[in-house]
Amino acid sequence: MYILSLDSRIEYAYQCSNVYGFCKSNAVMSASNVLPTTHKALVQEVKTHPLELKQVPTPKPTPGSAILRIVSVPVISYAREVYDGTRSSYVYPTPLIPGPSAIGRVVAVGPDAVKLKEGDLVFIDCLIRGRDDNEALFLLGLTEGGTEGSRKLMHGEWRDGTFAKYAKVPLENCFVLDEKRLCGPKEQGGLCYEIDELGWILQGIVPYGGLRSIGLQAGETVIIAPATGGFGSAAVIVALAMGAKVIAMGRNTSKLDRVKSLNPEQVAVVAITGNVEDEVAALRKHGRIDAFFDISPAAAQKSTHFKSAMLALRHGGRVSLMGGLLDDLPVPHRYIMRFDITLKGKWMYTRDDIFALLQMLNFGILNIKDLVKVVGKYGLEEWKEAFDLAHKRGGELGQLVVLNP
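With our numbering applied, the sequence shown covers 20 to 424.
Honestly, the hints are just simulated from the structure, not real lab data. Among the hints, a few may not be true.
Stated by the list, open to error - Lysine-lysine pairs mimicking DSSO-like chemistry, simulated, CA-CA at most 30 Å apart:
id	residue 1	residue 2
1	Lys171	Lys134
2	Lys365	Lys388
3	Lys66	Lys184
4	Lys199	Lys392
5	Lys388	Lys279
Unchecked claim - Label-pair ranges, simulated between beta-carbon atoms:
id	residue 1	residue 2	range
6	Lys134	Pro55	22 to 28 Å
7	His305	Asn381	28 to 34 Å
8	Lys411	Val53	37 to 43 Å
C-beta atoms are modelled at their ideal positions from N, C-alpha and C, and glycine is treated no differently.
Start from the sequences, fold in the hints, and give me the full structure.
Dropping the structure here:
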């Protein structure tokens, strides 16, 4: 007798719901009853030590939680540097199952779930928020945040991430994807996305949170710098979808040219040269500039673009600071004061931002189908290869490396 594996049974139940029109929740209701005792996951026992593929206890649903079968996890370009200790600012407890935002399928929910149901395909948001403390924020599988509350959450109930076959996450961190619309065939009104491609949502939602926080409007012009990395190029894509004109700044002219090719009429490019006067003059050639979005890495601490972009803004201009600088940043105080410039810090995004971005994706306003390319797919046991390729390619325009547990 041929016996289906657990994963096959869950997937078969879900497929039956599509083929025969059964209610998804009924079709896969048995999933919660057949969750395996253990499952495979990548575990880091000691910080900076290599990850290990292990059998770990499978989490069970509790009030306020959902159990997800992880389908696809985008590997961030700096994952290798986080987990080997190079980026020491990322603090987290060990042992730990790493892994940030992902795409997963609900296999069980806690007793208080009223909308989320088994079988739903969801975007798993890695930004965990304290339910009774809005300052308690941390990134699932990445870093414990900066408050006592956030540390309590990561060291306790929400310790483990998505580099695993199954993960337990808060109900409110599961955002249901319209699978029929996003992944269905064109002749049935679908947008033909592969599930792996939807991992780009992680790249897109971060800059969207910053752009939305300063009220970027259709018809405005925004400077995006640096615009050639993973999050920077995603900011260009999102800003264009929001109806803005973009001035992309960067040092690599060939990468800037690729960014410009997204929409040659709506994207201008200005090189970061190290000369503030030259950069300001080049920026102002493009007319009235309403906003400046920065998402610089720590290595850009002394870049001239901070000052030049601020000095190029119109009266009443706005600045969104989302970069990862580790030291204080000198700013042109007098210009900011005289020209009523608003500086707005933003870490990540809000839940409303996620809903809004998903609507843009569903409506086709944000069209990434021809922009996103999955350049590598790996199993959990191939995590080293995935980290290496993400380090090499994951920071480029539209490039994705994924783990498929």
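Inset, instruction - Determine whether the Cβ-Cβ distance between Lys134 and Pro55 falls within the hinted range of 22 to 28 Å. - result: Given range 22 to 28 Å: holds, Cβ gap about 26 Å.
Legend entry - Restraint status (C-alpha distance of Lys388 to Lys279 at most 30 Å): Satisfied, since the Cα-Cα distance of roughly 18 Å is no more than 30 Å.
Inset, instruction - Mind checking the alpha carbons of Lys171 and Lys134 for me, to see if they're no more than 30 Å apart? - result: Holds - the C-alpha atoms of Lys134 and Lys171 are around 28 Å apart, at most 30 Å.
Legend entry - Pairwise hint evaluation, Lys388 against Lys365, where the allowed Cα distance is 30 Å at most: Holds, at roughly 28 Å.
Inset, instruction - Note whether the CB distance of Lys411 and Val53 lies within 37 to 43 Å or breaks it. - result: 40 Å, holds
Legend entry - 28 to 34 Å as the expected CB spacing between Asn381 and His305, which holds or is violated: Given range 28 to 34 Å: holds, Cβ gap about 32 Å.
Legend entry - Given hint Lys392 paired with Lys199 - CA-CA distance at most 30 Å: 21 Å, holds
Inset, instruction - Decide if the proposed pair is consistent with the structure: Lys66 and Lys184, CA atoms, cutoff 30 Å inclusive. - result: 22 Å, holds
In summary, the structure agrees with every hint in the numbered list given earlier.
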